[in-house]
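Keeping their order, the protein sequence lines are chains A and B. When you line the first sequence up against the working numbering, it's residues 68 to 217, in that order. When you line the second sequence up against the working numbering, it's residues 13 to 290, in that order.
It is possible that some hints are incorrect.
Unchecked claim - Just so you have them, the derived chain B footprint on chain A, three or more residues with Cβ under 8 angstroms:
1) 123–136
2) 174–183
Stated by the list, open to error - Here are the simulated DSS-like pairs of lysine-lysine, each with C-alpha atoms no more than 25 angstroms apart in a straight line:
3) K99/A x K136/A
4) K121/A x K214/A
5) K109/A x K265/B
6) K105/A x K265/B
7) K126/A x K214/A
8) K80/B x K214/A
9) K238/B x K214/A
10) K105/A x K238/B
11) K136/A x K126/A
Simulated from the structure, these hints should not be mistaken for lab results. Positions of the beta carbon are idealized from the N, C-alpha and C atoms, including for glycine.
Below, each chain spelled out in residue letters.
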Amino acid sequence: MRLSRYAAILAVVAGAVLATGSILAADGVIAKRQADMKAMGKEMGGIKDTLAAKGDLAKVQAHAEAIRKILAEVPALFPAGSDTGPTDALPAIWSDQAGFDSAVERADGLADALGTAAGTGEIAAATAAFAALGKNGCGGCHQSYRKPQG
Amino acid sequence: MRLACTTLLAALGLAWPAAGMERGELLFHLGGCQSCHSQEGAPPLSGGAPLVTPLGTFHPPNITPDPKTGIGSWSEDDFLRAMGEGIAPDGSPYYPAFPFASYARMTQDDLRALWAYLRNDVAPAERPSPPHELMFPFSIRTGLWTWRWLFFDPAPIDPDPARDASWNEGAYLVRGPGHCAECHSPRTFWGFGVPDPGQELGGNPGDLITGRAPAITPDPEHGIGKWSPEDLDTFLSLGMTSEGDFVGGEMAKVVENATGPIPAQARAAIASFLLTPR
């Protein structure tokens, strides 16, 4: 009798610990993906500055490569259960996983295209590819999968 | 017509070189017509995606010059009344989901220029618009007369002689055709009224028609006072913030359809108005 009460308390405590653990884990992955998004933003800012200054397009290529490296990790940063907590991620990421994955792939393709365009040395082509990456890659994903900011 | 318009503006101290874009086209873009009246998979301006609000669903109608399903049978006066007073050609009042409270502040000359653009530069498309599906009692259009009596009092946008031409043009573009306040100002009467002129562009927690929108006042803490004019130009033309973030949501449509396609000079005027402490 007593033993079952101990068991009940133990179960409650264990459950609470597990729940806290998973919330912390979710917070960790949320913080990680937010840092990654900020890092990509920084790369985009660097590209914009380089293009505006008509600078070295090799730098643009390097930024595009850095963005692709981060993008490769993005799908894994939205595991099931990380939809709650301090996040602006929309439930559509998990309800429409295929759509989300293909939006990330599209962004990756546009970043690749930016690298190629920058490789040609033509600033106009690189600028157009940059705008396309921002609008359809970054913005395209934010349109469907992130809460409006503000 | 155009000459008269330019002369009039010049007389008001608002000389505004078109910078490669006709006035009507500029107003068409900045007015954001396409954001609501177009949708993917349909001809441009032949009716927009359903606008879902707590009051029900609005269906933005076809505004192409098609005489049967669009506005092809309208007269210029019909258009002036729709935009300037929010009243349909049949005399019924429009719902303020159509931001006529802002459009009504535009000059008659500008409305005529916009009308000419819609008539001559938009391809007619025959595509009927479904009626709105609103819940009772909002489904009763007659109730809108009360709304109008309580709230609708459009003020013309008078130039401020203490400011330069660019600031004044920016103020006009933001307050009139750009209808920025429709989302970025809180509405009076707990979200039921009009954008509150006392808290112009002070941010909106979300109301019965629009979602939440940040403050875009020149305040450095709560608004965008820390942005440089270049930051703002990048944002309005590309949708990128100074942190390299790209907007989604309604503002992405604004950038694509409204502030992106207009000449840099018009964006600079908007920035001049938004960033100068008032």
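Checked hints:
Interface restraint, the region 123–136 of chain A with chain B: violated (0 residues with C-beta to C-beta distance below 8 angstroms; minimum three). Against chain B, the region 174–183 of chain A contributes 0 residues with a C-beta closer than 8 angstroms to a partner C-beta. That does not satisfy the three-residue criterion, and the hint is violated. With a C-alpha separation of about 15 angstroms, the suggested pairing of K99/A with K136/A holds against the 25 angstroms cut-off. A C-alpha spacing of about 34 angstroms is found between K121/A and K214/A, which places the hinted pair above 25 angstroms, so the restraint is violated.
Distance check on the hinted pair: K109/A and K265/B sit about 23 angstroms apart at the alpha-carbon level, within 25 angstroms; holds. This hinted pair checks out: K105/A and K265/B have alpha carbons roughly 22 angstroms apart, not beyond 25 angstroms. Restraint check for K126/A and K214/A: the C-alpha separation of about 32 angstroms exceeds 25 angstroms, so the hint is violated. For the given pair, K80/B sits about 39 angstroms from K214/A by alpha-carbon distance, which is inconsistent with the 25 angstroms threshold.
At roughly 24 angstroms between alpha-carbon atoms, K238/B and K214/A fall within 25 angstroms of each other, so this suggested pair holds. Note on K105/A and K238/B: the hinted pairing holds, with a Cα-Cα distance of about 19 angstroms set against a maximum of 25 angstroms. Restraint check: the Cα-Cα separation between K136/A and K126/A comes to about 15 angstroms, which is no more than 25 angstroms; the hinted pair holds.
Of the numbered hints given earlier, the model fails hints 1, 2, 4, 7 and 8; all others are met.
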